[in-house]
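Student: Each chain is listed here by its residues.
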Amino acid sequence: MKSLEELAVIRDKMQALVNLRNEATDCTKIVVGMATCGIAAGARPVLKAFSDGIQEKGIKDVMVIQEGCIGLCQYEPIVEVTAPGKEKVTYVKMTAEKAAEVIEQHIIGGNVVTKYTINSAM
Amino acid sequence: MYRSQVLICGGTGCTSSGSDKIAKRLQEEIDKNGLTDEVKVVRTGCFGLCALGPIMIVYPEGTFYSMVKEEDIAEIVSEHLLKGRVVTRLVYDETIGENEIKSLKETNFYKKQHRIALRNCGVINPECIDEYIGRNGYEALGKVLKSMTPDEVIQTILDSGLRGRGGGGFPTGKKWQLARNLVKDADQKYVCCNADEGDPGAFMDRSVLEGDPHVVIEAMAIAGYAIGATQGYIYIRAEYPIAVQRLQIAINQAREYGLLGKNIFDSGFDFDLDIRLGAGAFVCGEETALMTSIEGNRGEPRPRPPFPAESGLFKKPTVLNNVETYANIPQIILNGADWFASMGTEKSKGTKVFALGGKIHNTGLVEVPMGTTLREVIYEIGGGIPNGKAFKAAQTGGPSGGCIPAEHLDIPIDYDNLIAIGSMMGSGGLIVMDEDNCMVDIAKFFLQFTVDESCGKCTPCRIGTKRLYEMLEKITSGNATMEDLDKMEKLCYYIKNNSLCGLGQTAPNPVLSTLRYFKNEYIAHVQDKKCPAGVCQDLLTYKIIDIKCKGCTACARGCPVGAISGTVKQPHSIDTTKCIKCGACMAKCKFGAIIKE
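Chains as they are written, first to last, in the numbering used here: chain L, -12 to 109; chain V, -17 to 579.
Hints are supplied without guarantee of correctness; some may be wrong.
[What the hints assert, rightly or not] In silico DSS-like pairs for lysine-lysine, Cα to Cα no more than 25 Å straight-line:
#, chain 1, residue 1, chain 2, residue 2
1, V, Lys472, V, Lys532
2, V, Lys456, V, Lys570
3, V, Lys511, L, Lys35
4, L, Lys35, V, Lys456
5, V, Lys65, L, Lys0
6, L, Lys47, V, Lys551
7, V, Lys84, V, Lys51
8, L, Lys75, V, Lys65
9, V, Lys14, L, Lys35
10, V, Lys551, V, Lys563
11, V, Lys578, V, Lys511
No lab work stands behind these hints, which were simulated from the structure alone. Keep in mind it's a predicted model, so treat the numbers as computed, not measured.
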């Protein structure tokens, strides 16, 4: 180790991993429905895409978690995004590609991707 | 990239209840369910809530599972990790709210804690230097080497008000300053770490070394830069195998990264570390005995002065600090002296780790700001005393400390307050006693410990503690007189005033503090020949209450020495000359007809 920059490189690389171990209380939650119906419809790659995407982009105060059956099995995979003080947004029939769009536009940009929400599907 | 991480405690407590098997099984189940690339298993150091081990936390949710068994693993993996359904029956009940699982930080055990020394314990994998760096590890060392002079480092530690966490409470900055300035032309200086934790009931140093070994390495390198030393030694007891192993791994990793060795951070500063194992003698926690032991001699203390700052290890200027003291240093460097000094009381800054043990719900490790009251620690964080029993006393400071009675529960804990009430901070062991504990017996327990551990070099300690122990035995066997109590007190002061080192000078403290606060118990033993708590066997007699006895003969059949006689359906009686006071009859009796007094 010859310089502080070298140390910072390791630190930044590791921070995504260790920061996952902090429970942020007032954070945005991305909840992926992972019951049997969800998994069968392909929820696992969706969950992975959200989790990786958030960590890769180093986005803070966002928690990606799973949940059981949300109750609308024909619309699985379902993802709910809850930001503090805002109304819950429910995305349906998600894929890994759509997940990347949601991260880009909704989580980072702050604009709900309406074409994937439950309201436009029903 | 992992979407979820499962942290499993790998401290000594949880390991002894099988956490390594659980971790292995967990990895197998994760592989079996195809989650290998999604879920990471991390073995960490101690979480602190040892009473509920083995402990497991699932992130990002922060679900806290307690008392996990190997059989539960398949369910946790298939339900929680795969499908996101929390296995509620295994969740720590304090975190179960009405509709949701509460954050661990909101539980009584954690919410009043403030973790500085323990900040990485239970958070990082102690065998991975990258994880430590991910938590800003080695940044303080970098900052010191690149942008501070040794005098500025010492000034920062002085301003922070940090005092030695090993028990004495000597200002750490002052110690460093003396080691830097006292001897001007020293060709070699040393930095030592006292990890010879020996107080019964204290295990915070072990937990820091097991959970966050790099923090000690980083802090010792900082101390080396501050005083001008290039070599350090960590003196650790061989009875801590996990800590020794992780420390060695950490030292190797630090060397590999060039964070130990020559020219660290290209600053021209050299520093290296070695481990020295102690063979388990309590006296080697005393600084001069510790250094004598590192030198390869029999671990015996020597008179001070000269103090180690002037002539310590191999007669060179030496700084010796305790593990917990070092664990505070990098954070003070990174966050500033004012940040640290803003916590605590006027003369005791920062936080202190306590090891809770004895008659308390949440046995384990807690870190609270100085000035927290004993009541908060015992009742709020510790969860109070089990089985609805009444609090009698808290023992702090191990064999060098004393007992604190209920009347002092609301005193803010700091170095000076504890000394004022006849105890001491010590290393932070806190043993809680309830109404079933006999205080004379407690004093005898600690004296037995010091008798065993006295190194024998000086007479007041070697013979004095033995005589003191015999006097206590005389009291608990009912053969003492009131005159003996006075003699005993005099002997206590004699030992205190004339012993060579801290071991002897503090050995009578358990006797003196119990005499001060629980003299009535001593008097009951001496005058009434009774042990009020029903502990001292020689003073107990078992009796059968005639009107309650149904003559069922259960007690007579249970008595191993045939001391109980009587006919069926008639009240029985105990022959006290035959009775060995084992209590078997009392356990057998269904009618509560047998009492001890």
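Student: Does each hint hold? Answer for all of them.
Tutor: Hint check results:
1. Only pairs whose Cα atoms come within 25 Å are accepted, and V/Lys472 paired with V/Lys532 is rejected, the gap being roughly 52 Å.
2. Straight-line distance between C-alpha atoms of V/Lys456 and V/Lys570 comes to about 32 Å, which puts the hinted pair past the 25 Å bound.
3. Pair hint V/Lys511 plus L/Lys35 does not hold up; C-alpha atoms about 72 Å apart against a cutoff of 25 Å.
4. With a C-alpha separation of about 71 Å, the suggested pair L/Lys35 and V/Lys456 falls outside the 25 Å cut-off, and the hint is violated.
5. Distance check on the hinted pair: V/Lys65 and L/Lys0 sit about 29 Å apart at the alpha-carbon level, beyond 25 Å; violated.
6. Of the pairs offered as hints, the one joining L/Lys47 and V/Lys551 is violated, with about 77 Å between alpha carbons and a cut-off of 25 Å exceeded.
7. Restraint check for V/Lys84 and V/Lys51: the C-alpha separation of about 22 Å stays at or below 25 Å, so the hint holds.
8. A hinted pair counts as satisfied when its Cα atoms are at most 25 Å apart, and L/Lys75 with V/Lys65 qualifies at roughly 21 Å.
9. With a C-alpha separation of about 18 Å, the suggested pairing of V/Lys14 with L/Lys35 holds against the 25 Å cut-off.
10. Note on V/Lys551 and V/Lys563: the hinted pairing holds, with a Cα-Cα distance of about 24 Å set against a maximum of 25 Å.
11. At most 25 Å may separate the alpha-carbon atoms for a hinted pair to count; V/Lys578 and V/Lys511 meet this at roughly 14 Å.
Violated hints, listed in ascending order, are 1, 2, 3, 4, 5 and 6; each of the other numbered hints is respected by the structure.
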